[in-house]
Structure formats: C-alpha cells, structure tokens
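Chains as they are written, first to last, in the working numbering: chain G, 1 to 393; chain Y, 1 to 159; chain U, 1 to 324; chain X, 1 to 121.
Be aware that a few hints might be false.
[Stated by the list, open to error] When the alpha-carbon atoms are kept at most 27 Å apart in a straight line, the in silico DSSO-like pairs for lysine-lysine are as follows: (1) Y:Lys-141 to G:Lys-290; (2) G:Lys-181 to G:Lys-209; (3) X:Lys-47 to G:Lys-46; (4) G:Lys-286 to Y:Lys-141; (5) Y:Lys-63 to Y:Lys-125; (6) Y:Lys-141 to G:Lys-209; (7) X:Lys-106 to X:Lys-82; (8) G:Lys-315 to X:Lys-47; (9) X:Lys-14 to X:Lys-47; (10) Y:Lys-124 to G:Lys-209; (11) G:Lys-315 to G:Lys-290; (12) X:Lys-76 to X:Lys-24.
[Said to hold, decoys possible] Every beta carbon over 12 Å from chain X, so not counted as near; a handful from chain U, in silico: (13) Ile-34; (14) Ile-78; (15) Ala-81; (16) Leu-106; (17) Trp-123; (18) Phe-267; (19) Ala-286.
Derived by calculation from the structure, the hints in this document are not laboratory data. This structure is a prediction, so every number in the text was calculated from the model and none was measured. Ideal Cβ placement from N, Cα and C applies to all residues, glycine included.
Here is what each chain is made of, one letter per residue.
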Amino acid sequence: MPEVIVPIGPHHPALKEPVNFKVIADGEKIIRLDLDLSYNHRGIEKAAEQRDFIRVLPLIERVCGICSHSHTTVFAKGIEELMQLEIPLRAQYIRTIIAELERIHSHLLWLGVAAHEIGFNTLFMWTWSDREAVQDTLEEMSGNRVHYGMNEVGGVRRDLTPEQVNAALVRLPVLEERVKKYVDMVNNQKTLLVRFKGIGKLSKEEALKYGAVGPTARASGVDYDVRRDDPYLVYADVPWNVVTDTNGDVYGRTRVRIGELMESIGIVRYCLENLPEGPIRVNAPKTAPKGEILSRYEAPRGELVHFIRTNGTDKVERVDIRTPTLANWTSVAMCLVNQNLADIPVIVAAIDPCLSCTSRITVINSDNKKEGLINFDVLRKRFRTRYQSPERP
Amino acid sequence: MIDPITLDFVREKIQDIGTAEQVRSNRIRITTTPGRIRDVIRSVQELLSCDRLLTISAADNGKTLELIYHLTGSHRMVVSIALELPRDAPQVPTTSDILPPAGIYERQIHDLFGILFQGRSDLKKIILNEDWPENEYPLRKDWAPDPGTFYGGIKGERV
Amino acid sequence: MIDSLLILVYIFLFPGFLFLITYALILEFLDRRIAARMQHRVGPPFYQPLADFVKMLGKEVIDPDGVDLPVFDAAPLIALAAVMTAYLYIPIFGSSPLAFQGDLVLVLYLFTLPTLALFLLGWLSRNIFSALGGIRAVTQMFIYEVPFFLALLAPALMAGTWSISEIMVWQQKNMWFVFLQPIGFVIALIGLQAKLERTPFDIPEAETEIVAGPWTELTGRRLAVMHLTSDVLLVAGSALIAAIFLGGPTISVPVTPIWLSWFVGFFLFLAKTLFVVLILSSIKVATGRIRIDQLNTIGWKYIATASLLQVAMVIVINYLWVSS
Amino acid sequence: MSVISEMFHNLLSKPVTLLYPIEKVPVPGAFRGRITIDDDKCIGCSKCSLICPAHVITMVENEREVEFKDKKLKRKKKPRVKLFKCIRCGLCERHCPTTPAAIYLKSELSDSGTDPEAVVT
C-alpha cells in the first residue's frame, strides 16, 4: 500500500486532549510521525509576570488539571527558598499528603485510560470508580476535587481536622486492597498482556539519551526520582523507595505506576499518622529578593522543573515551566517509529501525556517534504464558500 | 550513587572555558560565552558525567537575553551553564545534536524569544499558531499584547 | 390459501420480522445492561435501543462528497435484508416451515453479507479511517470465517443432514451437540463474537485508533439500519448457535399436545438465545481489543486447527458409529 | 481469573453510580461552593476586591452602621460579586479582616450559568 498520511488528532477519541499526530503509515506500520501539539497555549508564563505572589498561585495552578498541586507546590517552594522562608513542619506534611493523594488519583486515572486505549473498558470503569475514594478525600481536605488551592507562599491555606484525617485513614486500606487486585489483574489478564508487552520499547540508553522522565524512564531502569535525589518537603524522613523496572515497554510502565501507587499509599498513611502539631503557615513578606532558582518536583508524570527569577518586586520576573510531558515527547516519538498503527494510542498513553501542560509542537525527523499549512483566514474563507454558498442548501 | 562533585573539582575541569560558583548545596552555575557553549556542554557531559538535560530556560533581563542549560547526572548535582546574548541579533550554536531533547526546548525558545540556533534544519513555529506574525516574540519584556489582534476581540471589559 | 396466509403471518408477523426486530432491540438492551452491571454501572433503560433507533432515523443524513450515493444507501439495506431472511430458516417453535435440505449453508452465506456491506461502506466513503476500517473488517472475516463454518459443519456431519431443523430433530433424539462437540461450541461462540465485531474482535471499529472504522461516514437512517443489522445479526446468530448446539426450541422428552410443544418451544428458544447472549456479553466485558496481526496468529494457529481437529473427531466417530 | 470473579461479583451487587437528580450528591463540609456576603459584618475595606485574581468583585456604594472588633463604624462601600465569573479560589475569604470572614464560600453547590449580570451582593 502506498504511503498513507493518517491524521490522528487533533480531535481524536483516543486522546481526550488536543494533540495532532500526522502519521505516515505503510499499511499498518508507522514510518514517520509529525507531532503537532500547541493547541491550547495560553501564555501562562507571560501572564504570571503581571501578578503578585498571592494572585499568581491560582493562575499557576491552572497550568494543568490533574497535576495542579504539583505546579503550585514547586512554585511556592521556589519562592519560599528565594525569600529564605522556613515554612512550619505541619504545612510541609499537609503539602506532602495532598501531593501523594494527587499522585494516587493521577495514576489510577492513567490506568483506566490506558485500559480504555486497548478497548478494555471494564478496567476503565473499575479504576475510575475506585478513584472516587481519593477524590472524596481530597474534596474533604481541600474543598475542591480538581484545583485544591491548598498552597500559599509561606505555607498551607487550610488545616486538616482530626475527622478528615480519620476519614482518609479509613479509606486507605480499601484502596490498597483494590490496587492489589489490579496488580494481579495486570499480571495475568491475557488481552492486557498481549497489548502491553513489548510495545513501545525504550532501552535504558535511549531513555537517557532522549531525556525521558518519570515512570517512562524508570520503567527502562533509569533510577532518577527527584523526591530522593533532591529531597524537598518531608520526603527525606518518610520511609519509601523508588520503584524501577527493567523491561522498558508499556507493560513495564504499568508496573512502575502501580508500584508507585502502593508507595504513595504508604507515604500518605505515614504522613497522616504522624502529622505534627503547630501552625500551618507563616506570614510571608510581600516582595522576594533579587535572585533565581531552579525548583524541581516529582510530578505524577515525571520531573517538573520551574525556573523562577525574581527582581526584588512583589512580582516574578520570569517563570519558565518545563512540564514532564514536554520532556517525554522526544522519547515517545522514537518509540512510535515502525510500530503498529493500532498501538499509537497505547504508546502515547503510556507516557500519560498531559497536553494542557505541555502545549508545545515538536516536529520529529520529518524529511524536507513541503507541508502546506492552512492558516486560519484561508480556512474561514474556504468554510464560507463551501457551506454557505447559494447552490448548496 | 557516586559522590557529589565539589566546586573546585568543577573549577579545575573547566578552567579556561568559564567561571563556576556554588549556588546551593547541590547546584553549580557555570557562566560562559555563547561561542564556547558546545565544548562546555561536551566537557560537562564527559568530565562531570552529566548525562541528562533537565531543561534550557531563557530569560530577558531588560538589557540582554540569557540562556541557562541545566544538566544533571548520577551524582545528583545540577550543573547550570549560563550565557548572555545581545538583544538585537541573538545567535547561539545549536546543541540538539549532542543533546536530543534540546531540540524541543530550542524550538520553544526560538518562538518565544527569537534566539536563532545556528546549524538547525527545521526551526519551524513550535508554540505559536501558524499565522502569528513574523519576528514578534511575546516573552520579551518589550513586547505587549495588542488587543486588536485577539481572536474574537477582547472578551468584555475587565473592570 | 389458508396455508399460504399462515406462511405470510409466520414470515411477517409473529416469529417473523416484527418479532425479530423487537427481540433484537430487547436483546441489545439486555446485552448492554448485563455488560453495564458487570462493570458496576447502572446501564441503559429498556427502551434505550428503540429510542436510539428512532432518533437516528430522524437525524440529518450527510452525504460525503463524491460518494456513489445509490450504493451507499443500498448496502445497509442489503445487509439487513440478508440477515432477516437468514433468520427465517432458524427454528423458533418447532422446525421452521421454510426448512429445506441445505438451509444451513444458505444461512451461513447470508451471515457474511453484513461484513461485506461494511467493507463496501468503508471503501466507498473515501475517508482514510473508514478505508482502513473496511480493510480490517475483511481481513478479520478471512480469519474467523473458516473455523466458524467448520464448527457448524461438524454437527451437520454427525446428524447427516444439511438442514438446521433436521439437526434439531436429531438432537432431540440423541444428545445435544454442546456435550458431543464442546470444542465446536466454543469456536462457534468466538466466531459469532468476531462476526458481530464485539470487543475482543472490534478491530474494524476500533474506537481509539481509527475513529469508528467503516461506520465513520454513516449518518442518519443509514446508521440506524446498519445498527439494526448488527442487532438482528446478534439474534439470528445466537438463535443459530442455540438451534445447532443447544437443541433449539425442543427438549429431549417430546411434549404431547402440539400447541403446548409450540409454547414450550418458544420459551426454550428465548431462554437459550438469552444464555448465548449472556456468554457473548461476558466475553465482551472480560477482554480488551487485540490487534489485527495478533488475531491473525491466534486465529490460524489455534482456532483453525481446533476446528479441524473437531471435524476429524466427528469423521472418526461417524466411521465407528456407522460400522458398529 | 480475578477479572471473571470480579465481574460476576459486580453483577450481583448494587451498581456504584449515584443517580444524581434523584439522590443528592453528598457535599463535604469544607466544600468551596457558592460565594456569599454577610451584610452585617462587612466593613467595606475593599481588600477582597483588590485580592481577587479574577477581578470579579467590585465595590458598590452602601451606607451601613457596622460593628467591628467591638467598635462601631460607618461603612461606605460593599462588595458585589459576579457569580458565574467567580473561580471559587477562596482568597477573598482568606484576606478578609473580619472573623469569621464577611465574604465566604458556602459549602453548597454554586449553580453555573453564562448570564453576566448574575451577581451576589
């Protein structure tokens, strides 16, 4: 069959978010791939430069829906370090609890979506119904299911009452037992194994070379985890360990994510049980001294990096947000070449892309074939002639 | 985990190429000139065993444009290489062949800051949509959004 | 005269098309409800399939550019007609009045028409997704068709007849084929699941890869008719498997008064088709979609050889039985 | 075959879905819902309208005798919130000098809509 360009995206049922793959396929085999992302670039970095430290947090939080707490924590942690501000221990514990709960619900969400990509809708329904327990806990603690608004420069905005702590502790064992059931399901459910094993293989050298981050890299044996390499909040004194795997394919990433799920449940239980007493925030000064910092954080999808530069005023001079999915695009494009057309959604879902974070376009190894891009006005004109012209009813 | 590299170990490795200072317990910042960025990166990769590029961040401090390459390795230290570029014709040799992930970050910085990376074939638009006017770089300090070009006009006056 | 009137009633009214369409909608509802309950959801109300059908009929029919419209309209209707006529040869009460020697082959041939219609729709609608979907539909058909036919050929061999009704009568005297040929029963179920393009085998209509495969460009009444075809195929297919493997609408002990046997027969027909649909929907819930090349290896390596083994066993048993 | 056993276990047990219009969604106590203003406690200091990230709080003229930290004072202004533009971040409640805050988020569902004139005073 001659080379066929199969446009998967930007509005494609597999990816609930606007990414466009112009896949050049020969029959079912993929030869080349153009990735076209930036469909919801909102200029958050420019907008953040016009807001003071109190009003910038709701904006930074809205970079991404699923990892909103990650963005506010990494930003607040950076600003506090620039201000040499030591936030109370209880606030650090609460931040860790919310961060790990967010990791749990993000990984459960991913497990469901990955199963849906291969048509196994039952696991999608089950994982998402178990995820409700985590969402309810977060809603009780922070007042909202998506944007928790827990963070503030100088600490945490809401305290955890003993009832909330007990309600959360009661839900954890149920969740743990459900996750054990998923572990055993992923290990011996035939269609899941057949569709996950050996797909989108990424060797350790390739993962390092193409800069993969988070579970995608750890599944290929790359032993990087910011929570242990550059410890922040209370990860240094909470007993947990980094989950890595060796087989580097979608199956390996699933095992790493489920392993991390178990670790996160352990961390949340530890933090909830010995939550120290004390204040939950410190009055932060209005302005931050001149300086710059690279604040790193382990978001559910990988290593999130904020480069923050302040110039003594109460506004940030520059915040450069590099999201984990952006770092994973190079490696996913490498995995996709000469795989099956049917595996694109699974491989792409394996890096758990969060498009609203990354909003960047990457064009990977497209040769010099000239590609005409229709710009918006031409599209509008063509639309007008086509549908509203007189002879067409 | 091999032992973290110390400041003078870094200084001794890169005496002629740039100056280094210890910014934080596990951060070392090297400042160098745009011309020598490629060999600084190569030396940081081999001598300081940094195998991963975290990100390339760009900033505009009013006078000049700055580029900072952040690398890390199994020693868990972050080595940042900073360089300054003139505002009018910022040029820097590309590093996407040595560090493949740099391809994305360079394209992004080119779109938002207008820094030209020499030696790259496909420097097409990466962030902004196709019909964004040429050489308008939104993240520069001197660029202000002009309401006339908003899609669908301004959404109601923000009081 | 009365006899031909009765035949007309048989074809059009009670066990014929009217009942068939309502039963198809009911079975679709049951299938979706059982699948939903297994996924811990509530599932649609009983009138949902009818509501879908009526709504789709009312929707605007969008003709894709440069498509050969007459064929595009005719294909769904041909598929529906084929499956409905196939249904008439399947015994509902007792043996069906239209039965003749060789109606099993006719029914199996008529069952393949919907897949061909899907391929035609996919290829005609000049859209990359549906073209790919159409090709996948045909490749999938080549894979499951051979074992499916062999699985249904084996009972005919053992019963020594080509008519479904006579196979049913044969089973009434001896044992049901599900006990005699369990491998054949399993392969027939897999074949039917693949023919209906349901989850382990919904590769042509892979929702997450190629939008909706051949169904992409179908809108309005075409989609309604094609959707009804797959429902009717569900009824006819499960009725065929019930008739051949589970003894159809009869029970081993003959029921004396004729009208009571019809009544019991009809009830047994409903029960057995429901049982087959229950198995199909639990297969649908329990598995994820496999790729077309994996289906190829599994199809030819395991399913085809198993069906050949089954036919060989039947031939051997026949030979021993006949000689003894 | 844990999938099969789980499936048939679910088949017999009650489905998990909450039938929303019939059964009410349980809203936890700390839920940040509809924005409300407690008229007799607000001292009109317009801190909330300054702090609001979405700029949806405007101050309107409103004279009233108000008691604040056991002192009587005459208030001249009062906040007015565009209900459907409010992003419910709770910063106004956090920075309101009165205790408990005069402008706060009630813990009941704030309905959604597009009409720009819907305000809460």
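Numbers of the earlier hints that this structure fails to satisfy, in rising order: Hints 2, 6, 9, 12, 13 and 19 are the ones this structure does not satisfy, whereas the remaining hints hold.
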